[in-house]
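*Asks:* Same order as they appear, the protein sequences are chains S and X.
The opening position of the first sequence corresponds to residue 1 in the working numbering, with each subsequent residue numbered one higher.
The opening position of the second sequence corresponds to residue 223 in the working numbering, with each subsequent residue numbered one higher.
It should be emphasised that the hints constitute simulated quantities derived from the structure, not laboratory data.
All figures in this text were calculated on a predicted structure; none of them were measured in a lab.
Cβ coordinates follow ideal geometry from the N, Cα and C atoms, glycine included.
There's no promise every hint is true.
[Stated by the list, open to error] A short, non-exhaustive set of chain S residues, derived as facing chain X with CB atoms under 7 Å: (1) LEU156; (2) VAL170; (3) PRO173; (4) LEU175.
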Amino acid sequence: MWRDAVLVAGKDLRIEARSRVATNQVLPFAFLVLILFAFALDTDQRALTRAAAGLYWVAVLFSTLLAIQRSAAIESADGARDQLRLSGLDPAGVFLGKVAAVAVQLVALEVLLGAGVVVLYNASIRGVGLVVLTCAAATVGLAAAGTMYGALAAGLKVRETLLPLLLLPVAAPVLLAATKAWQAALDGVPADGAPWLRLLATFAVIYLTLGVLLFGSLLEES
Amino acid sequence: MTAPATSSRTAPGAPASGDGAPASARFRSVPRWVTPALGVGALVASAAAVVQGLVVMGPTTNQGEYSRLLVVHPPVATVSYVAFGVTAAASLLYLIPRTRARAWDQLAGASAEVGVVFTVLTLVTGSIWGHSTWGVWWTWDARLTASALLLALFLGYLALRRVPAEETVRAKRCAVAALIAVVDVPIDHYATSWWRTLHQGSSISLTQPDKHVDSAHAVGLLLGFVAMALAYAWLVTQRYRVERLEARYEEEGLSLALDARKAEGGVTAPTGPSDATGPSDATGTSGDPPVGALSGERP
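Just chain X, same shape as in the assembly (with noise of 0.2 Å):
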């Protein structure tokens, strides 16, 4: 099973794609400035979007203190949709040999597990809120429903991504997944909106700009918007900095483990030093510290 199966990926895979490619070298590097400035902005437009919820805004005559959640709860819901969109895409350009590179699977990985988190608090804050507005914790509305069903959708990816398995079997087969979970969503938008609909509708639309928000709470449901968005790409960003250092791990854990060993036992390994220093992209910067006071050890 195994000696067919590495031939054949070999073959057609190698000349087409590989991990050497330009596609993944292209990102591949996070320019290292990039995190932090996106942690710090999110932490300032969080800081915004409090004052301007707890603070500026007023309580409204329908929802009282409650309306307050309108900073929080559309925001998240977007951004966790906007996260599966993220895997979606990379899924699919992992899928075309053309653009397959392991940095897109590892996208892919990263914004679904912080689109779990962000669909988790979509649930959550969206309970508090109908437990105020409607009685009830929860109920079987549309929205609802289908918020339930996205979180085990990719509940089901995230489960088959920790799945042992060859590297390449489970990023293409975690990409297929992540597809037909994402084209499950329409339909399941559809399937209970006409169900029954009891969620309010759109709080806000384009053409008719203040249909049902004040200026106030426009500007804090922005401001939602915008730290939400900045957390889910520092997050993301992180995420995929882990996901890199793990592979980092794998691929060159056992050759520094028996470089070290050989170096123990005073075999000198001519090997050595070209595989400890092969990698050279700049985005680790915690996995750095173990990987040199290995290789600066041996000598």
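Here chain S stands alone, though its shape is the one from the complex (with noise of 0.2 Å):
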């Protein structure tokens, strides 16, 4: 399993690498979202620094969509999906190691949208430990339920608009957790954000769990 989710990440990883749409779309597209919260906010400085935290995980939201859109187009196009089956790969594996790579694209994103939250919002991180912890269990979970819902959605006529109705409710709890948990980190107490990260570490098992359980049904019949 573990060594199938290498194999599946690997590729993932380098098709992105070689397309090079995470970097001249997702990206800038996260900038973009970062910079009309401020029109929106009206450059009210002390209202951008106080919201910080959810304008962010508001921006990786909308970013992560798009990633699992490109994961899941990966494996639709060319009958890529059927030659997968074919590969003889461990389900779970493949679900490991598609998270694995929309996980690392979206840690990618998420450091340099950090760097640009410091810089336009003028926010100051007290808690390392805490935003690093918070991103990582965070990223783990939007990867792992926006993986499920990629496949779900993949191969269907109208998957582009049921993507985010499907998975923008399932990852509200994150966006939650980790704004709150942010906030603690920002210019709150630390020690503040432990439940907040203990569910999103929740959410990210739990999720993993599911994944690793039904991907193969998925991958099954479609």
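Dock chain one against chain two, each of which comes alone in its own frame, and use the hints as you go.
*Replies:* Given below as structure tokens:
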């Protein structure tokens, strides 16, 4: 399973590195969202600083949608899904590999967006450890839930509109918990973030487990 | 894409499950008397709840006349949870190869639709109650937010059910989506309740029977629960029947139309009668006339 996961993750990341969609489209989009928030709040510096945590995670969530759509599109084009089944890889390994590839992209995006928030919104990070842990847990959770829904919507005629409708409500607790944890890390007491961090970790574990159990049946018949 | 998909579906699927499996035959035929009985029961219980709520129960000191919403709001909310629980259980049974049957998928869809209706009712009645006691129609309270998320989750599920796709593919994806959505419900609950809490606690508890509620209100609440549970069951059996008729229409519609067309052209179709009389389940009451009418005209 783990070897298959590494194989699939390597494949997805190589495709992304060569196509450069993540760097040329997803990343600029995320920065654009940060700038648009500044317009919406009328460059009120204090409001931006106060809302920095929430705005950051909304930007991450929107970018996640794009990354998931990419990740699912790789498998739906040119009958790649059938080839994946023919290859005899463990479905759980395929799932974990795709989650890992999406997570790696999201982490890169989050680092750059974090720098953007610090520079543009004048946010200061107090609890570095909490910020890093929150990012790790939230990213794994988002990637796991997103990969499931990406596979669910793949190959359907209405996938572009269906995916946000399916994924955003499921990801809502991640947005809430990650925002709260970041607020604690940015301008609160970092210790307050602990329960939110636990919630994020629970979310990640639950959706990883669901994916390992259910991804096979999604891959099987479509 | 389609060729390997169909071949793989017949290979592992046919011996293990298939739609003719006993699991589907077991509860495919809801006895005819069940649905009307549920409907009548729901009407009687609702009437009793209305009398109890509007006549017998008096206004309370804290909330005045609005406390009568106790008969409606908690039962509706509870039933919506039950409905999504049924959807999840049916989806799980559909995903397990041994119990896979199309009927589970149909039951999951029927229950989810009724559950969405009850969730909307929960939000509406809660909004009215909130306006009277808190002074605002909506507030970002934990339970309100969680209910709104629940509604969004299952609206997405219903949207997925409506997507045009091959039947088995769609059913399987819907089952997975239902499980993902249901798993999210407790997480939403914890996230939002840590976020903020304004909603009053539970009005009644089993360990302290008369915590906040006098006996008239307890009876009203109980009648409300019974009425809403029966109404839910009635709606689900109706919706389940419609799902089955729709599926049957899709399966037989084309062959019937072809037979009718052949009959017009004077060609006798050898497979026609066996196709038309094939479905022998007794569930279709309103679906039978068109089928019978078409097959009756042919000879």
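*Asks:* Each of the hints needs a verdict: does it hold here or not?
*Replies:* Cross-check of the supplied hints:
Given the 7 Å rule on beta carbons, the hint for LEU156 of chain S holds: about 5 Å separates it from the nearest Cβ of chain X. Nearest Cβ of chain X to the Cβ of VAL170 of chain S: about 5 Å, under the 7 Å cut. The hint holds. Because the beta carbon of PRO173 of chain S sits about 4 Å from the nearest beta carbon in chain X, less than 7 Å, this interface hint is met. Residue-level restraint check for LEU175 of chain S is violated (minimum Cβ-Cβ distance to chain X is 9 Å; threshold 7 Å).
Consistency with the previously given hints fails for number 4 only.
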